[in-house]
Amino acid sequence: MSDNDTRNSAQGQVRLAAGDTELTVDPANGCRLASLRIGGTELLRQGTKYGSFPMVPWCGRIENGRFRNGGEVHQMPVNSPPHAIHGTGRNVAWKTARANATSAAFTYELLAPDAAPWPYPGRVTQLVELAEDGSSLTLTMGVEASGDSFPAQAGWHPWFLRRLDGGGEDVQIDFTAAWQEERGDDHLPTGRRIDPRPGPWDDCFGMPDGVHVTLTWPDRLELKITSGAEWVVVYDEQETAVCVEPQSGPPNGLNTLPRLVTPIDPLEISTTWTWRTLT
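The working numbering puts the first residue of the sequence shown at 268, with every later residue one more than the last.
I should point out that these hints are in silico values taken from the structure, not numbers from a laboratory.
Since this is a predicted model, take the numbers as computed values, not measurements.
Glycine included, C-beta positions come from ideal geometry on N, C-alpha and C.
Keep in mind that the hints are not guaranteed to be accurate.
Here are the computed distance ranges between Cβ atoms for each label pair [stated by the list, open to error]:
| no. | residue 1 | residue 2 | range |
| --- | --- | --- | --- |
| 1 | D437 | I531 | 43 to 51 Å |
| 2 | D441 | P525 | 15 to 23 Å |
| 3 | L378 | T481 | 35 to 43 Å |
| 4 | L545 | N346 | 32 to 40 Å |
| 5 | Q439 | G473 | 43 to 51 Å |
| 6 | L545 | D415 | 28 to 36 Å |
| 7 | A360 | D400 | 29 to 37 Å |
| 8 | Q439 | N336 | 40 to 48 Å |
Based on the provided sequences and hints, a complete structural model is requested.
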């Protein structure tokens, strides 16, 4: 497959394929994974708000949409009142830097005129790579500062279908966490770490040795999500989909656990999804 063949020029989408796996990336719609099909079966919930989108330059909620950087307080758009949620990268068009049969790279400028509000200049890059045999997918994101340093986070928000092909048994979520971030009535961590509780969840968990979560669709497919990141949000309160979200910090982390990005110290994070059929 040539570089030109990977791109659907009508929609600006990028299609990658290897083995029996097909992946579609939509850079114009927040550089989200619009589709992941394995053996012809779709794994991601369809729709312009779904698929799997990058969360950047923050993950989850920011309390009242405000964060501090030194003596400056910045207000982000309150898109999940009373908070700001999931960053701005999912709402902007990214540029396709390169694409071939199995990998592609995308970028956007944090302070571009057409970008969503963010007060600091910098660049975000997302690399999408399918294994040559189509058995895994690796996503890598980097946040670079081109001026003043700023706090930032990055991660991914995939919407996995609860049931494949609209039927069969519900997906099973298996993981072992060192702790759960206690969630307050405002959906923000209280600052207390508690023993992990049974679901349903809309909660952040700590995994200091790296994220390891297994999704199993009985008799159909097993998918392992791993990352060197220490936090993962698990959300399974919807009827049609579940979310497993590796991220570089906890919700509201720009305020409670800021990780500064500087011109010489970018933020980098990656996650790998590996699967096998069970039939």
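Hints, one by one, checked against the model:
no.	hint	result
1	D437 to I531: 43 to 51 Å	holds (47 Å)
2	D441 to P525: 15 to 23 Å	violated (32 Å)
3	L378 to T481: 35 to 43 Å	holds (39 Å)
4	L545 to N346: 32 to 40 Å	holds (38 Å)
5	Q439 to G473: 43 to 51 Å	violated (22 Å)
6	L545 to D415: 28 to 36 Å	violated (50 Å)
7	A360 to D400: 29 to 37 Å	holds (32 Å)
8	Q439 to N336: 40 to 48 Å	holds (41 Å)
When the structure is compared with the earlier hints, violations turn up for hints 2, 5, 6 and for no others.
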